[in-house]
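Participant: Below are the chains, spelled out letter by letter.
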Amino acid sequence: MPEPKKKIKILFVDDNDMMRIFFGDIFWLHGLEAEFSVATSATVEEAEPYLVSDDLRPDIVFFDMPLRESHNNANVAKMETGFEFLKRIKSDPKLAKVKTVLFTSNGDREILERIEEVGVDAIIVKSNSMSEDVMHTVEKFAPHAAATS
Amino acid sequence: MPPPAIQLDHVNFWYNRGKPNESQALRDVSCEIQPGEYVSFFGPSGSGKTTLLYLISGIEQGQDGKILVSGRDISGFSQRELAVFRQIGVGIVFQQFNLIPSLMVVDNVALPMTFFGVSLAKRREAAMQLLKRLDIEHLAERFPHELSGGQQQRVGIARALANDPPIIIADEPIGNLDSANANNVLAFLKELNEKDHKTVIMVTHEAWSLRDAQKIFYLKDGIIVKTEDSADEPAAVSLSQHLYREWAGAEAEKDALSMALTHLFLRGYSSEETKRFAFFLTQRLANNIDGEVFENLLHRPYRLGGVGFWKVRAAKIAKFVNDIIERRHEIAEVFNDIEHYPEVSLTSEVERIREWLLEEYRGQIDETQKARLNEIINERLRNIITSEMFKKVLSLEKKKFGVGLSLRTAQRVFERMEFALENEAEIVTNLAGPGPAGR
Chain A
0 MPEPKKKIKI
10 LFVDDNDMMR
20 IFFGDIFWLH
30 GLEAEFSVAT
40 SATVEEAEPY
50 LVSDDLRPDI
60 VFFDMPLRES
70 HNNANVAKME
80 TGFEFLKRIK
90 SDPKLAKVKT
100 VLFTSNGDRE
110 ILERIEEVGV
120 DAIIVKSNSM
130 SEDVMHTVEK
140 FAPHAAATS
Chain B
0 MPPPAIQLDH
10 VNFWYNRGKP
20 NESQALRDVS
30 CEIQPGEYVS
40 FFGPSGSGKT
50 TLLYLISGIE
60 QGQDGKILVS
70 GRDISGFSQR
80 ELAVFRQIGV
90 GIVFQQFNLI
100 PSLMVVDNVA
110 LPMTFFGVSL
120 AKRREAAMQL
130 LKRLDIEHLA
140 ERFPHELSGG
150 QQQRVGIARA
160 LANDPPIIIA
170 DEPIGNLDSA
180 NANNVLAFLK
190 ELNEKDHKTV
200 IMVTHEAWSL
210 RDAQKIFYLK
220 DGIIVKTEDS
230 ADEPAAVSLS
240 QHLYREWAGA
250 EAEKDALSMA
260 LTHLFLRGYS
270 SEETKRFAFF
280 LTQRLANNID
290 GEVFENLLHR
300 PYRLGGVGFW
310 KVRAAKIAKF
320 VNDIIERRHE
330 IAEVFNDIEH
340 YPEVSLTSEV
350 ERIREWLLEE
360 YRGQIDETQK
370 ARLNEIINER
380 LRNIITSEMF
390 KKVLSLEKKK
400 FGVGLSLRTA
410 QRVFERMEFA
420 LENEAEIVTN
430 LAGPGPAGR
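Those sequence lines, one after another, are chains A and B.
Under numbering that gives the first Met the number 0, the first residue of the first sequence carries the number 0, and numbering increases by one thereafter.
Under numbering that gives the first Met the number 0, the first residue of the second sequence carries the number 0, and numbering increases by one thereafter.
Just chain A, same shape as in the assembly (with noise of 0.2 Å):
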């Protein structure tokens, strides 16, 4: 008998709470609940534990800019701390292997740079085409299993 396919584990960070629901129900529109578990942080300091669990570590990390270090500072939003986000992931060798994507409705290209040299894998500006969007870059980083949709 096959073994069960693992699940393709996606954080999402982003503090606007329309976009959270929107994102987990772009995959769960498309009845993806047995190849994808999604779970979605406010903060950084919320998306925290899902970086240093073992078990709830992320394959793909999507994360908005600007971004809210925390609730303790609920109305600065921050461009420094998405940058100081990606860094730290990128730093952490256990994280090594986990694909970033910034998800942003920011197009600047001087921060679009910035983030280029820090290092992401792929950076989607919010548009109308944005949940087609995800899917493609999900299906590039996650091959095996979005195939199966």
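Watch out, some of these pointers could steer you wrong.
In silico PhoX-like pairs for lysine-lysine, Cα to Cα no more than 20 Å straight-line [unchecked claim]:
1) 93/A - 5/A
2) 214/B - 77/A
3) 398/B - 77/A
4) 214/B - 194/B
Simulated from the structure, these hints should not be mistaken for laboratory data.
With chain A fixed as given, assemble chain B onto it according to the hints.
Facilitator: Relative to the frame of chain A, chain B by itself:
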């Protein structure tokens, strides 16, 4: 009879369950919401309102107790069914609007239709209809940052209607709006309920915004402490509404004097509170009620039919009006008095009190903490929250919508606030400068 649109049966909910920092957000909550009803969950910060909305809309997963949607237990829903329910079954209006900055208004509204194979052109066409209904079709090609708060919230409402859901869930929808825009939003929610027969579920901590709800669930510390049906109003509400109707028959003349006084005293209040105050004032000026009744009506909490003024403020204003009546001032003289009356708006009064409360505090507090502190000072002054609740929110963690002060600081601030409330006259004189009597 159709099953309830939403039914909660002995629901409990914890954050960080099983961990040292576990906290219970909902305790044994049971309630029913019928199709086509307009209900409100009303309570102060930290009472569990938003958790409840997230459970009802299938965003947060239940832990204990049953949540039924149209008679079906949603704990048995697959992820796909839950997603369909979230996208078609409910439309959510957020306090923070949550629009996507990189999408034009029309595309923000069309976004929830993305999932259902509708072409972009068709989505935009449908979104335009919704924008038209909300009188903002001229903003279709703008981006969110070009819009005022009131306009952004209209876009938020249009988006909530995108997939024509039978249930509209509004999470503090007027929390970031001025009173004119707040009134527009409430009027529209009412219209959706009455004309479109949508079930409307609104969470709010502002008493005046409860005016259209047919059923009110009062939440405190995660417990529904009272359910009020508009059919069985508490005595105080019925009484003042009865008076209101009785008097309104004689049509309160909105003379220049009462308008000017209302404008003077009600800065910072909502238009509903203003309207109610103007009405009582007109009655007082016509001598339909005496000074004591007037003062009591001003002090009585808004939800009980009063204006909800802080005690000392109510007394001060009642006295000022008494003076006008007793001294039989000429209109011109009264206006002269008003011009020199150093009454402060509620906003600055609250800020002064906040500064006074923190006078001896050596640490730093950030903008969020300031805003939350202002909110609970305001609520405490208006008698919306008890002293226990005030104390609790002071030390409650910020991520749980508290102020996040240390227990020691919270205790000091709490004691100072209680002292202020007990010694109102003296404190207020120090904070707000001399009243007319002192001139």
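Participant: Against each hint, give a clear statement of whether it holds in the structure.
Facilitator: Taking the hints in turn, this is what the structure says about them:
The hinted pair formed by residue 93/A and residue 5/A meets the criterion: a straight-line CA distance of about 19 Å does not exceed 20 Å. Pair hint residue 214/B plus residue 77/A does not hold up; C-alpha atoms about 41 Å apart against a cutoff of 20 Å. Annotation: proposed proximity of residue 398/B to residue 77/A holds, straight-line Cα distance about 18 Å (limit 20 Å). Taken as a hint, the residue 214/B and residue 194/B pair is honoured in the structure, with Cα atoms around 18 Å apart against an allowance of 20 Å.
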